[in-house]
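Chains as they are written, first to last, in this note's numbering: chain F, 1 to 256; chain H, 1001 to 1256; chain B, 2001 to 2310; chain X, 3001 to 3310.
Just so you know, the hints here were simulated from the structure itself, not pulled from any lab data. Remember, it's a predicted structure, so these values are computed and weren't measured experimentally.
A short, non-exhaustive set of chain B residues, derived as facing chain F with CB atoms under 8 angstroms:
| # | residue |
| --- | --- |
| 1 | E2008 |
| 2 | A2011 |
| 3 | G2228 |
No residue lacks a Cβ here, since even glycine has one placed at the ideal position from N, Cα and C.
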Amino acid sequence: MSASWTAAELLAVVGARQLRDDTTVFAGVGVPLLAAALAQQRHAPRLTMVIEGGIIGPRIRPGRLPISTNEMRAAHRATMLPGITDTFLFAQRGFLDYGFMGGAQIDRYGNINTSVLGGDYWRPKVRLPGTGGANDIISLCREVIILTVHERRRFVERVDFVTSPGWLDGDDGRRRAGLVFGGVSRVVTTLGIFGFDPETRRMRVEALHPGVTLDRVREHTGFELLEAPRIAETEPPTGDELAILRTLDPERRFLG
Amino acid sequence: MSASWTAAELLAVVGARQLRDDTTVFAGVGVPLLAAALAQQRHAPRLTMVIEGGIIGPRIRPGRLPISTNEMRAAHRATMLPGITDTFLFAQRGFLDYGFMGGAQIDRYGNINTSVLGGDYWRPKVRLPGTGGANDIISLCREVIILTVHERRRFVERVDFVTSPGWLDGDDGRRRAGLVFGGVSRVVTTLGIFGFDPETRRMRVEALHPGVTLDRVREHTGFELLEAPRIAETEPPTGDELAILRTLDPERRFLG
Amino acid sequence: MAARRRLEAKAKSAGEKLTSLEDAAARVRDGDVIAAGGCLYSRTPLALVREILRQRRQGLTLVRNLMCTEGELMMAAGAARRVVTAWMSIGLPWGVSKVMREHVESGTVVMEEWSHLALGLRFRAAAMGVPFVPALTMLGSDLVPVGGLQTVRDPYTGATLAAVPALFPDVAILHVHRADVFGNCQIDGYRHMDADIAAAAATVLVTAEEIVPEEEIRRHPDRTVVPGFVVDALVHVPFGSYPHECYGLYEADFDHFGEYAAAIDARGMRALADYLDRYVYGPPTWSDYLDLFGGERLARQARLARELTA
Amino acid sequence: MAARRRLEAKAKSAGEKLTSLEDAAARVRDGDVIAAGGCLYSRTPLALVREILRQRRQGLTLVRNLMCTEGELMMAAGAARRVVTAWMSIGLPWGVSKVMREHVESGTVVMEEWSHLALGLRFRAAAMGVPFVPALTMLGSDLVPVGGLQTVRDPYTGATLAAVPALFPDVAILHVHRADVFGNCQIDGYRHMDADIAAAAATVLVTAEEIVPEEEIRRHPDRTVVPGFVVDALVHVPFGSYPHECYGLYEADFDHFGEYAAAIDARGMRALADYLDRYVYGPPTWSDYLDLFGGERLARQARLARELTA
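Next comes chain F alone, as it looks inside the complex (with noise of 0.2 angstroms):
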C-alpha cells in the first residue's frame, strides 16, 4: 500500500474519529495523546484531556511532545494538577468517558499483558514495565479503546498474563469479577478496527482500513477472528487530519 501517511498517522487518526465532544479522555503518552489532541483540534473542541501524572485540561506546545505522562511538558497550561491518585479517583467515581491504550500483548477478549511474558510471574522470562496506569483506566473509565500496531506477536490467544483486564474469558466474565462498569468497546490498529461480539465478548472485525484485506489481517492475527454483520472500509486520513498532527508532532518523534 503506498500511502502517503505513516501507520502511527493513521492509527492516531481512526483514534481521534472515536472522540465525541464534551467528553473527557484518559490519554497516555505518544499516539494516544496525538490522536487527543487531534480531536480538540479539530471536531471536539470541549474535550478534556486527563493524562496519569495527575494533569488535567493541558494543551500540548507543538514540538514539546511529552515523552512521560509525569513532566512539564504534559503539563503545560493544564487547568488542573490535582495529584496521581485523585486523577484517578475521577475515573473511578464516573467522570471519564474514555480511555486510550496501548499493549504489548493483546487477546481476542481484549485483555491485556504488559508485565510478564514466559514463566511464572515472579520468574518470567522477559519482564516488561508493568501496568503503571493502564489496569485502571481499562477498570474505570465507561469506555476503553486501545491503539496498537496490529502484530501477530502481539495478537495472541491468550496472554501470559492478565495485566489489565478487557472482557476476561468473555460473556459476563468481567462483570462477575466485580468490574460493574466499562470495557473495552474498540481496538483501533494499523490494519482496521476492532469490536467485540456482544455476546461472546470476542474480538471481531469492524473495519478494514484503506487497502487492507480481510486474509491480510487474518495472516497477522494469532486467533481466530469473527467477523461484524458488516465491514465497513476506513475513510482515509484527510490532508487536514495529517496536516494538524504534523504539526504537533514536527520532529516525527511519535509519527514514524
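Go by the hints and put chains H, B and X onto chain F.
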C-alpha cells in the same frame, strides 16, 4: 473564695498546664484555644495547634479571638490549611496527641452529650447543636482532656445520649466498641482536676483548686465520685499565666 | 452504583458554564438532596440558597457539615424537610439555634446527625466512587443508629471498623473565589469540603466572586480545586456569601448576626418571617440584597478580612 | 494498628528539623521499607537516594508508583532486595529497563506489581489511618494474587470491592520546592503522591530546593502540603532531583538519560558499576555531584522549565 482570677481563667491556666512541649493539640474555640495559646507562649513553644476548620499552626491575634473554628481569626498566620476532612484524618492516623473538649452533659465515665436532652432522639425535649467534631476528637486523639464549668446539672449519673464516647460503660467498654485508641484522661473543671480509675474507668477526684473542698465538689456532682489515692491541691495561677491570658483576650470575651 | 450511572449518562464538557442565578437555581427540583459547600458562616453559597428559596422549592434535604443561618432560613421558609449535619447554630455568642429547636423539637424538620469527620467521609467516599470508606470514628456512640451506620471487617487484620456510607447529593451548591467561564474553580485559604462535595454530586452549581480569563487559571493550575467538566452551572456573584465570610475577601458580619439573633430572641419565629420578606423574597436581585447592607458595611468587612490574611 | 502506636510514641514537634544529608540518610536502617516521593523522573529525592547508597544500606524494599533510574541504581548497588511499583523503566524512547530485567529475571530482586491507583490508595489508606480502602480497580486481573489483594463486601449494597491494603513505610523520602526550618513543606505544580506518603510513613526525610522564612509559609498556608509535625529531618538541597526534573525549576536532563542508556546498551551492567563510581560513590558532596553536569547544563535545564511553565 475571693480569688484574683475568674473561673474561666483558672480553667484555661490548669488546662494549659496539661500540655507537654513537642506535641499537637486539637483545640476548640474559647477557653480551650486560650489554654493552648497560653501553653505555647509559656512552656510549650513547639506545640502545634490544630483547629477543626481545617487549620494547622495558627497564631491567635490578641483581641481578635475567633468565635468559631471556621473563620479567618482562627486561621490567622496558619502554617497549613488542609481542609476539614484531612485535618481529622491526621487525628485518625495518630498525629494528634491531645484533644481539648467541652460538653453540655458529662457522666461518671466521661461520656459527653451535646445532642438531645429528654424525650427520644427524633423528638427530643431539647435539641442541642450536636457533636460537631467532638465525637471525632474523643475517638481519635491519643488523649482527651475535657474543660468544663462544674455544675450538678452537667455532671450526671448517665448522659441522656452518648454523643461523644468517653469510657462508655467503664472497664474495657471503649475498646470493645472498636475504639482501640485514646480515651479521656482528665476532666478539668472550675472546681478541680478529675481522672478515671484505671480499672473501672469511673471518674475520681485527683486535685482540688485553691479553697475548694471535697464536699463542695460532691455538692456540684450528680454521681458518686471516687477519690485518687492522693488528692493534690492545684497550684494557683501565676501572675505570668494570667497576664498572658489577659493579653490574648483583652475584651474578656471568653475569660469572663 | 446508580450514582455512577447518573454521571456516565451526563455530558462532561469543557465548554462554557456561565449563566444566571435564576437559571442555575432552577436546576434544583422539589425533594432533592442538596449539599452546600463552605462551613458554618464561611463561604456559604448564600446567593444560591436565596434564589432556591425565592423559587419556593419544597421538601428538600439540606446536607452540610456545620449549619448556620442558611439552615435556619431553609427551615423557616419551609423548604427543608430534613437536614443532615454534625452541628447547627450560629456560633457560641448566640447560643443554641432557636429556629432549629423550634422545628426539630416540633418534628417539622428531621435532623440526622453524623460526626464531623463521618460527614466529611460520606462526601469523600462518594467523590472516590465507592459505597463506603472504613473509619475509626463514631463507634460506640448513640449516633450509630441515628444514620444507620454499619461496621465492616478488615479482611487483613479482622479488625472491626465503622463503614461510613457514601452520600451522593442530587445537587451541590458551592461558592468559590474565582473561576473561568468553563467552570475551573479556585479557592483561597481553607478549602472546607467543597472539592469532595462537587465530585460527589450529580449536578454542580457554583457561584464565584470573580470570573477570570482562562489564562489566569492555566497560570496556576495547582490552585484549581474543582475541574470544569464537573461543573454544570456557574454564576458570577461578588459578595456571594454575605453576611457570611469569604476568606481574604470579607469577614463575616457579626453585627448582622447579632441583630438577627436579637430579633429572634424578641419576637421568635415571626422575626424570621420578616427577615425572609426583607432579605429573601423582597429584593429581586443579589445586588438589591447587598444594598440592604450598604457599600460602607461591605467595604468595612473587606478591610477586616485583609487585616487578618495580609 | 502497630503503625499508629509507632506514631503515637513519637514526638510531633513544631521545632527545627534542618540537618545534613548524611544525618538524614543515617536514619534509614538495613531492611527498611522506603517510599520515595515524586513520580518517574519528576521530583525524585535523588540526593537522599544517593546518600543512602553511599552509606551502603542493604536489604531495602523500595516502594514507588513509577520507578526510573533511582530504582535501577538501587538495584545495581545491591541496596534493594524488593521493589513495590506499578511500572519501571526510564521512558518510552529508552525501552524496557535492562537493569530491571537483569535483576528481576535472575531473581536477585523481587518486583511486586500493583496498579497505579492501587498503589496510590495503599498510601492513601495508610495516611487515613485505616487498614484498607475499598476500590473498583485491579479486580479480575492476574495482579490480584501478586500482592495478595483481598476483597471486601459493602455492608450497604452487598457489592464486592477490592480491599486495597494500607502500606506504612518505615521511611518516606521526599523532595519539595520549599520548606521553612520547621519542615512545613510546599510543592509547586503536580503533587504526585507526596502528601499521602509523608502521612503514611513512620519517619519522614525531606530535601528542599529552598529554605524560606516561616513568614513566607504563613503568607500562603493553602500551598503547604506536608505539615512540620510530620517531618523528622529536612535538608537544603538545590537541584536535589537532578538529572530528574523539578516542576518549574528544571526540566529532566533527557540527554543524560540518553548517554546513560547508551552506555548500558553498550556495556550492560558494567556500565552501571562505572556510573555508580562516577556519580554516587565518587563525589563526596551533592554539589561535587552537580559539578559533573556543570553549571551551564543546569542553567539550560532551568531555562527549559521556565519556558514550559511561564
